[in-house]
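Working from the sequences, and respecting the hints, build out all of it.
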Amino acid sequence: MDSGFYAACTGLIARTESLETIANNLANSSTTAFRARHNVFSSVLASAHTSGLSVLNQDANDYGVLGGQRLDETQGALQPTSNPLDMAIEGSGYFAVQLKSGATAYTRAGNFTVSRDRQLVTAGGDPVLGENGAPITIVGQPVSVSADGTISANGAIAGKLKVVEFAPNAQLQNSGTSYYTAPAGSAKTATNSNVRQGMLESSNVNPVTSVVELITAQRDVESMRRVLTMFNSEIDKTAAQDLPHVS
Amino acid sequence: MFRALYTAASGMTAQQLNLDNIANNLANASTAGFQQRRVQFSDLLYQNEIMPGSAATQQTTVAAGLQIGLGVRPGATEVIQTQGAPSATGNSYDIAIQGAGFFQILLPNGQTGYTRSGSFHPDSQGQLVTADGNPLQPAITVPADASSVTIGSDGTVSVITSSSSQAQQVGNIQTAMFQNPGGLNSVGNNIFMSTTASGDPVVGTPGGSDGLGSLQQGMLEQSNVSVVDQFVQMILAQRSYESNSRVVKAGDEMLQQLNQLAQ
Numbered sequence: 001m002d003s004g005f006y007a008a009c010t011g012l013i014a015r016t017e018s019l020e021t022i023a024n025n026l027a028n029s030s031t032t033a034f035r036a037r038h039n040v041f042s043s044v045l046a047s048a049h050t051s052g053l054s055v056l057n058q059d060a061n062d063y064g065v066l067g068g069q070r071l072d073e074t075q076g077a078l079q080p081t082s083n084p085l086d087m088a089i090e091g092s093g094y095f096a097v098q099l100k101s102g103a104t105a106y107t108r109a110g111n112f113t114v115s116r117d118r119q120l121v122t123a124g125g126d127p128v129l130g131e132n133g134a135p136i137t138i139v140g141q142p143v144s145v146s147a148d149g150t151i152s153a154n155g156a157i158a159g160k161l162k163v164v165e166f167a168p169n170a171q172l173q174n175s176g177t178s179y180y181t182a183p184a185g186s187a188k189t190a191t192n193s194n195v196r197q198g199m200l201e202s203s204n205v206n207p208v209t210s211v212v213e214l215i216t217a218q219r220d221v222e223s224m225r226r227v228l229t230m231f232n233s234e235i236d237k238t239a240a241q242d243l244p245h246v247s
Numbered sequence: 248m249f250r251a252l253y254t255a256a257s258g259m260t261a262q263q264l265n266l267d268n269i270a271n272n273l274a275n276a277s278t279a280g281f282q283q284r285r286v287q288f289s290d291l292l293y294q295n296e297i298m299p300g301s302a303a304t305q306q307t308t309v310a311a312g313l314q315i316g317l318g319v320r321p322g323a324t325e326v327i328q329t330q331g332a333p334s335a336t337g338n339s340y341d342i343a344i345q346g347a348g349f350f351q352i353l354l355p356n357g358q359t360g361y362t363r364s365g366s367f368h369p370d371s372q373g374q375l376v377t378a379d380g381n382p383l384q385p386a387i388t389v390p391a392d393a394s395s396v397t398i399g400s401d402g403t404v405s406v407i408t409s410s411s412s413q414a415q416q417v418g419n420i421q422t423a424m425f426q427n428p429g430g431l432n433s434v435g436n437n438i439f440m441s442t443t444a445s446g447d448p449v450v451g452t453p454g455g456s457d458g459l460g461s462l463q464q465g466m467l468e469q470s471n472v473s474v475v476d477q478f479v480q481m482i483l484a485q486r487s488y489e490s491n492s493r494v495v496k497a498g499d500e501m502l503q504q505l506n507q508l509a510q
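Each protein sequence line maps, in turn, to chains A and B.
Using my numbering, you'd call the opening residue of the first sequence number 1 and step up by one each time.
Using my numbering, you'd call the opening residue of the second sequence number 248 and step up by one each time.
Treat the hints with caution; some may be incorrect.
Straight-line alpha carbon distances no greater than 20 Å define the calculated DMTMM-like cross-link-like pairs of lysine to aspartate or glutamate that follow [stated by the list, open to error]:
| hint | chain 1 | residue 1 | chain 2 | residue 2 |
| --- | --- | --- | --- | --- |
| 1 | B | 496 | A | 220 |
| 2 | A | 100 | A | 117 |
| 3 | A | 188 | A | 165 |
| 4 | A | 188 | A | 73 |
| 5 | B | 496 | A | 213 |
| 6 | A | 160 | A | 90 |
| 7 | A | 188 | A | 131 |
| 8 | A | 188 | A | 148 |
| 9 | A | 160 | A | 131 |
| 10 | B | 496 | A | 17 |
| 11 | A | 160 | A | 148 |
| 12 | B | 496 | A | 222 |
Since the hints were made in silico from the structure, they are not lab data.
Okay, structure coming up:
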């Protein structure tokens with residue numbers, strides 16, 4: 001059977017899947033410190049012959065699939081909010097957050113508040129961890145935060161934020177509500193990150209890139225469809241209807 | 248099938264709510280003591296198609312996984328606690344709080360409400376009440392023959408009456424502070440109620456060492472809504488709504504292409 005037909009079919013599926021990532025990026029263009037994900041297409045050699053294929057055969061069988069995504073690590077714009085409990089990270093660092101399960105998650109969304117029991121918590125209500133691995137308790141106002149993450153409340157030092165950085169190839173995983181999880185041991189104490197008080201990092205979704213990705217996906221689907229129609233209407237029809245007439 | 252349409256719809260719903268909130272902030276730009284709210288968004292769950300770090304072969308692992316995000320959800324509307332500009336009114340019953348704190352108001356249902364709108368009036372008995380007639384707590388009663396009323400920065404209310412030239416104290420205004428004022432519940436008429444998120448109120452003397460702001464007589468705190476900022480937010484919300492609807496259209500057209508396959 002025509003391998004090109006399946007190649008176009010695989011490409012069509014990959015493009016429709018890629019739209020979902022683009023949609024998620026655009027839906028989160030107002031989410032604090034959201035980081036865009038970009039689709040990475042890769043080729044899969046469908047018939048992995050051990051003997052090796054001819055160049056022509058290999059091209060026809062190299063199907064394009066959605067192989068994965070790349071987390072866009074560019075810095076989002078810092079927006080001043082004049083709220084003392086809003087914090088943004090300048091640099092590649094993340095705040096550490098303690099989840100209800102006891103596990104540690106990482107986030108760049110610094111829209112913090114102080115909970116009823118006076119702990120510094122994220123918008124989701126999970127305690128933000130200090131350098132010593134324990135939540136930070138804030139009693140009194142005003143609250144000021146220095147660039148290295150030291151928090152003082154009412155003139156006394158309340159604690160120092162735990163800010164961590166990851167190696168460029170770290171396998172960060174989105175877990176929703178602006179949190180990321182990382183493999184154990186991959187978090188290193190930040191050296192190139194500064195905490196900015198009264199600022200929030202906006203989403204790093206680039207509307208231009210997103211719309212270009214959107215149009216590309218849309219037009220790719222169109223061309224794959226044409227290829228499929230071509231197989232259907234021209235080649236297969238010709239083979240099925242016209243060939244038997246040859247006498 | 249086709250999660251993209253639902254993802255884009257979640258983005259459109261979120262921006263709609265954002266605009267609702269901006270509209271309310273702008274509508275209250277001239278409300279004394281109004282504190283603007285901000286919608287906080289967070290991303291929804293992710294579907295893991297390929298886990299990052301899963302084995303690609305026996306020797307290697309997948310560097311970047313394939314995670315499909317399912318859109319956005321508005322998480323909270325947080326009260327922004329910045330100081331509104333005080334404007335001089337010359338009215339001796341107008342009080343602005345310079346710094347943190349709320350006036351305590353006794354509501355008709357017996358509960359205590361909290362407000363930063365310090366526009367008070369004496370009622371028929373001389374008791375200080377809000378524009379809605381709810382009394383200030385603790386109660387302050389100004390004698391009928393008072394010729395002048397002075398409210399100190401620490402909340403001390405003293406009057407000079409026509410019968411005596413000596414100033415006499417008639418009460419102390421106390422204010423309340425919350426550990427997390429962003430978690431207060433707005434119930435309208437400039438009144439906030441305490442919640443488990445805000446914590447219990449800490450009542451004290453204004454202008455003291457316990458962090459409560461000082462009082463300023465003859466001043467009224469204007470709303471802390473920055474009209475320019477809200478306009479910028481409005482433009483962003485509008486454009487973001489537009490790009491999400493563009494995704495819906497793209498998804499629709501892709502489906503159309505697929506349908507044409509089966510001709």
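Tested hints:
no.: 1; hint: B:496 - A:220; verdict: holds (15 Å)
no.: 2; hint: A:100 - A:117; verdict: holds (16 Å)
no.: 3; hint: A:188 - A:165; verdict: holds (5 Å)
no.: 4; hint: A:188 - A:73; verdict: holds (17 Å)
no.: 5; hint: B:496 - A:213; verdict: holds (14 Å)
no.: 6; hint: A:160 - A:90; verdict: holds (16 Å)
no.: 7; hint: A:188 - A:131; verdict: holds (12 Å)
no.: 8; hint: A:188 - A:148; verdict: holds (15 Å)
no.: 9; hint: A:160 - A:131; verdict: holds (6 Å)
no.: 10; hint: B:496 - A:17; verdict: holds (16 Å)
no.: 11; hint: A:160 - A:148; verdict: holds (8 Å)
no.: 12; hint: B:496 - A:222; verdict: holds (14 Å)
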